[in-house]
Amino acid sequence: MASSSCPEHENDLNEHKLSVIEHTYPAWRIRQWPNDMWTATRITAPTPGQAAAGLHRCILQPGLDALAAVLCQQLYIAQMATQY
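Residues 1 to 84 (the working numbering) are what the sequence shown spells out, left to right.
Be careful, since some hints might not be right.
Computed beta-carbon distance windows for the label pairs [claimed, not checked]:
id, residue 1, residue 2, range
1, Arg-57, His-9, 31 to 41 Å
2, Thr-82, Asp-36, 28 to 38 Å
3, Ala-69, Cys-6, 17 to 27 Å
Think of the hints as simulated: they come from the structure by calculation, not from any bench. Given the structure is predicted, the values throughout are model-derived calculations rather than measurements. Beta carbons: idealized from backbone N, C-alpha and C, even for Gly.
Please build the complete structure, drawing on both the sequences and the hints.
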(Lines of atoms letter the chains of each structure in order from A and count residues from 1; the text may use other names and numbers.)
(Lines give C-alpha, C1' and ligand atoms only; values in the text may rest on other atoms or scores of the structure.)
Protein backbone atom coordinates (compact mmCIF):
# COMPACT_ATOMS: atom_id res chain seq x y z
CA MET A 1 0.00 0.00 0.00
CA ALA A 2 1.42 3.38 -0.95
CA SER A 3 1.71 5.94 1.81
CA SER A 4 -0.07 9.24 1.48
CA SER A 5 1.91 12.45 1.28
CA CYS A 6 -1.07 14.52 2.44
CA PRO A 7 -0.10 16.29 5.70
CA GLU A 8 -3.70 16.28 6.96
CA HIS A 9 -3.96 12.51 6.49
CA GLU A 10 -0.63 11.98 8.24
CA ASN A 11 -1.72 14.20 11.16
CA ASP A 12 -5.00 12.28 11.50
CA LEU A 13 -3.11 8.99 11.44
CA ASN A 14 -0.65 10.20 14.09
CA GLU A 15 -3.52 11.41 16.29
CA HIS A 16 -5.17 7.99 15.99
CA LYS A 17 -1.89 6.19 16.75
CA LEU A 18 -1.30 8.46 19.74
CA SER A 19 -4.77 7.73 21.10
CA VAL A 20 -4.24 3.98 20.75
CA ILE A 21 -0.81 4.14 22.41
CA GLU A 22 -2.11 6.27 25.30
CA HIS A 23 -4.96 3.82 25.92
CA THR A 24 -2.72 0.76 25.57
CA TYR A 25 0.01 2.09 27.88
CA PRO A 26 -1.75 4.16 30.58
CA ALA A 27 1.30 4.03 32.87
CA TRP A 28 3.13 6.35 30.47
CA ARG A 29 2.71 10.02 29.54
CA ILE A 30 3.34 10.46 25.80
CA ARG A 31 4.59 13.74 24.30
CA GLN A 32 5.85 14.97 20.92
CA TRP A 33 8.73 17.41 20.84
CA PRO A 34 9.18 20.17 18.22
CA ASN A 35 12.00 18.21 16.56
CA ASP A 36 9.50 15.37 15.84
CA MET A 37 10.95 13.18 18.57
CA TRP A 38 8.52 11.37 20.85
CA THR A 39 8.93 10.71 24.56
CA ALA A 40 7.18 8.43 26.98
CA THR A 41 7.63 9.09 30.70
CA ARG A 42 6.38 6.67 33.33
CA ILE A 43 3.80 8.26 35.61
CA THR A 44 5.36 6.41 38.56
CA ALA A 45 9.04 5.63 38.82
CA PRO A 46 10.09 2.02 38.35
CA THR A 47 10.83 0.10 41.53
CA PRO A 48 14.48 -0.82 42.10
CA GLY A 49 13.67 -4.37 40.94
CA GLN A 50 11.97 -3.11 37.79
CA ALA A 51 14.86 -0.76 37.05
CA ALA A 52 17.34 -3.61 37.53
CA ALA A 53 15.28 -5.67 35.05
CA GLY A 54 15.56 -2.88 32.45
CA LEU A 55 12.40 -0.82 32.95
CA HIS A 56 13.12 2.83 32.12
CA ARG A 57 11.58 6.01 33.51
CA CYS A 58 11.79 7.86 30.17
CA ILE A 59 12.02 6.77 26.55
CA LEU A 60 12.95 8.89 23.51
CA GLN A 61 12.21 7.67 19.97
CA PRO A 62 12.08 9.26 16.49
CA GLY A 63 8.50 8.19 15.74
CA LEU A 64 5.30 6.80 17.20
CA ASP A 65 5.83 3.34 15.71
CA ALA A 66 9.29 3.10 17.27
CA LEU A 67 7.94 4.40 20.58
CA ALA A 68 5.12 1.84 20.56
CA ALA A 69 7.62 -0.97 19.94
CA VAL A 70 9.76 0.08 22.91
CA LEU A 71 6.68 0.50 25.11
CA CYS A 72 5.66 -3.06 24.24
CA GLN A 73 9.08 -4.27 25.42
CA GLN A 74 8.80 -2.15 28.55
CA LEU A 75 5.38 -3.60 29.37
CA TYR A 76 6.84 -7.10 29.11
CA ILE A 77 9.72 -6.14 31.43
CA ALA A 78 7.31 -4.60 33.95
CA GLN A 79 5.12 -7.71 33.94
CA MET A 80 8.09 -10.07 34.31
CA ALA A 81 9.69 -7.95 37.06
CA THR A 82 6.52 -8.00 39.17
CA GLN A 83 6.31 -11.80 39.00
CA TYR A 84 9.50 -12.24 41.01
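Tested hints:
1. Arg-57 / His-9: 31 to 41 Å: holds, 34 Å
2. Thr-82 / Asp-36: 28 to 38 Å: With Cβ atoms ~33 Å apart, the hint holds.
3. Ala-69 / Cys-6: 17 to 27 Å: holds, 25 Å
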